[in-house]
Amino acid sequence: MAGTVRHAFSAELDQLRLQVELMAVRVDQNLERMREVLITGDHRVAEVALAADDDIDAMNVSLTGRCYDLIAREAPVASDLRFVVSALRVLGELERVGDLALRVVKLAPDWDLLRRGGATYEILLSMADLAVGQYREALEAWSSQDLGLAEALVLSGRVMEPVNERLMRELLRLEGPAAVPCALRTLVAGRALDRIADHAAVIGARLRYLLTGDPDHLASEIR
Amino acid sequence: MNSEGFAAVTNQIDIRKSFHQQLDELQHDIVRMAAMVTEAVPRGTAALLDGDLHGAQMLIEGDDPLDALALELEERCYQILALQQPMASDLRAIVTAIRMISEIERSGDLVVNVAKGARRIYGTEFTPRLRGLIGQMGEEATRLFRIAVDAYVEHDAAMAAALDDLDDRLDALHRDYIQEIFVTHGEGTLEIRAGVQLALIGRYYERIGDHAVNIGERIRYMVTGWLPEQTGAAREAVRRHTNEPASADALADLATPSVGPEPTTPSAPGADGAEPSTGLGGG
Chain P
15 MAGTVRHAFS
25 AELDQLRLQV
35 ELMAVRVDQN
45 LERMREVLIT
55 GDHRVAEVAL
65 AADDDIDAMN
75 VSLTGRCYDL
85 IAREAPVASD
95 LRFVVSALRV
105 LGELERVGDL
115 ALRVVKLAPD
125 WDLLRRGGAT
135 YEILLSMADL
145 AVGQYREALE
155 AWSSQDLGLA
165 EALVLSGRVM
175 EPVNERLMRE
185 LLRLEGPAAV
195 PCALRTLVAG
205 RALDRIADHA
215 AVIGARLRYL
225 LTGDPDHLAS
235 EIR
Chain D
4 MNSEGFAAVT
14 NQIDIRKSFH
24 QQLDELQHDI
34 VRMAAMVTEA
44 VPRGTAALLD
54 GDLHGAQMLI
64 EGDDPLDALA
74 LELEERCYQI
84 LALQQPMASD
94 LRAIVTAIRM
104 ISEIERSGDL
114 VVNVAKGARR
124 IYGTEFTPRL
134 RGLIGQMGEE
144 ATRLFRIAVD
154 AYVEHDAAMA
164 AALDDLDDRL
174 DALHRDYIQE
184 IFVTHGEGTL
194 EIRAGVQLAL
204 IGRYYERIGD
214 HAVNIGERIR
224 YMVTGWLPEQ
234 TGAAREAVRR
244 HTNEPASADA
254 LADLATPSVG
264 PEPTTPSAPG
274 ADGAEPSTGL
284 GGG
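Taken in sequence, the protein lines are chains P and D.
Using my numbering, the first residue of the first sequence is number 15, and each one after it goes up by one.
Using my numbering, the first residue of the second sequence is number 4, and each one after it goes up by one.
There may be inaccurate statements among the hints.
[To be verified] Here are the computed distance ranges between Cβ atoms for each label pair:
1) P:Q33 x D:Q82: 24 to 34 Å
2) D:A91 x P:S93: 24 to 34 Å
3) D:R196 x P:D83: 31 to 41 Å
[To be verified] If you want a taste of the chain D side facing chain P, the calculated C-beta under 8 Å gives, among others:
4) L26
5) K119
6) R242
Hint data in this document are derived by calculation from the structure and do not stem from the laboratory.
Since we're looking at a predicted model, the values are computed, not measured.
We put the CB at the ideal spot given by N, CA and C, even for glycine.
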């Protein structure tokens, strides 16, 4: 009987992992729309992304509720507890990634201004590629629960730092009356893309802690 | 009630009491941790403005105890979850604590980044206006963090909700600050390397403000059970009900400029695929 109960609980945890992955895929789709908006400035894609984010929020609320319910009902311990808490944390990270993607999407009306930055616009495009790449690695690490992938994400850590510095340098070279408005919007987009990569690394670190249970790994996530 | 039953009830009360004691201690330690960050922000600003390398070093080293405390508190949250199986509002308090710990810890890291930035631009002279703006951003970031902590201590959802609007002031200061970096750089009084570092430092202050807003959201959740995502979730539910593809809110959002004033005279070609360089020219 106890074995059956454990088995049912274990199946619930597995279901939770899949649901989190499904939400991560929805966020990934919105990241792709973000990239499209950045490349084309297409308002229709932006509208689709905004509506899709509401759907992501709905998934987050529902899954967060399920995690609390599992904690309250099953009182998980050790690695099971770590899993549920990690799922909660990953949900939070995914939701933030979704919000950050929207910050870029909401710049659609300013797309022409962004593009006038020339070199800065090109850097934004490469930052978007980097951020989406990092996020996809996090998604793969979560779906395969792969320690090696998680560790690679943590080690790649500040992959955006040099690109960010290059962006700042180019921004200061902008001239003309639209330089400051263009720079401010570029900064909003750049900061969001930088943080998307950050959140991907945090997911990697959280996963590493989940898989190893080593509190030192928790410290490296926080750092 | 027989003596055994009475003992069981007393035991239950003891466990609950011990749980609430644990929760109080946890909240007390989180406030202590947040106070460490609140106190570090003005020290970071001072190290930057005064070119104080010793002060910067102290801040960088001071981050280790903060990291250790964060780690200890998060582990303690797990223990409480495992041993006490809290329900409803008590569960929300623990989950809020877990989320707040990382927000506070990351804010501490941002202060360290300010201190490291201060070392990188050691010897740079600031114009009075830049000094003023840095000082004000530091004060705003400190104020936001303090309000977030007060809202947590008081369980004040209204105060927590106000943080989002209060953060607008820091965002506006940040915009003025970036503009001032451009002006100073354009006048030739700020070299590009220092300008880049200052722009990054400004971002650290802005992000501390963002973390304070996040903390506010978590407090609202703890007190009322409200999650910011629920607004979007409610829109989604309505959409499913009415079978509409996109909400009017979404269109309204798109029509709202995201940052700063509109450009005045962008002397550029239209959006018809022409090269995007005119008017801003690379240097």
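These are the hints, each one checked on the structure:
1. A hinted range of 24 to 34 Å holds for the C-beta pair Q33 (chain P) and Q82 (chain D), which are about 27 Å apart.
2. Between A91 (chain D) and S93 (chain P) the C-beta distance comes to about 26 Å, which sits within the given range of 24 to 34 Å.
3. Look at R196 (chain D) against D83 (chain P): about 53 Å separates their beta carbons, and that is not inside 31 to 41 Å.
4. Given hint, L26 (chain D) at the interface with chain P, is violated; its Cβ is 15 Å from that chain's nearest Cβ, farther than 8 Å.
5. Taking 8 Å as the C-beta contact cut-off toward chain P, the hint placing K119 (chain D) at the interface is violated, the least distance being around 12 Å.
6. Taken as an interface hint, R242 (chain D) checks out: its beta carbon lies about 7 Å from the nearest beta carbon of chain P, inside 8 Å.
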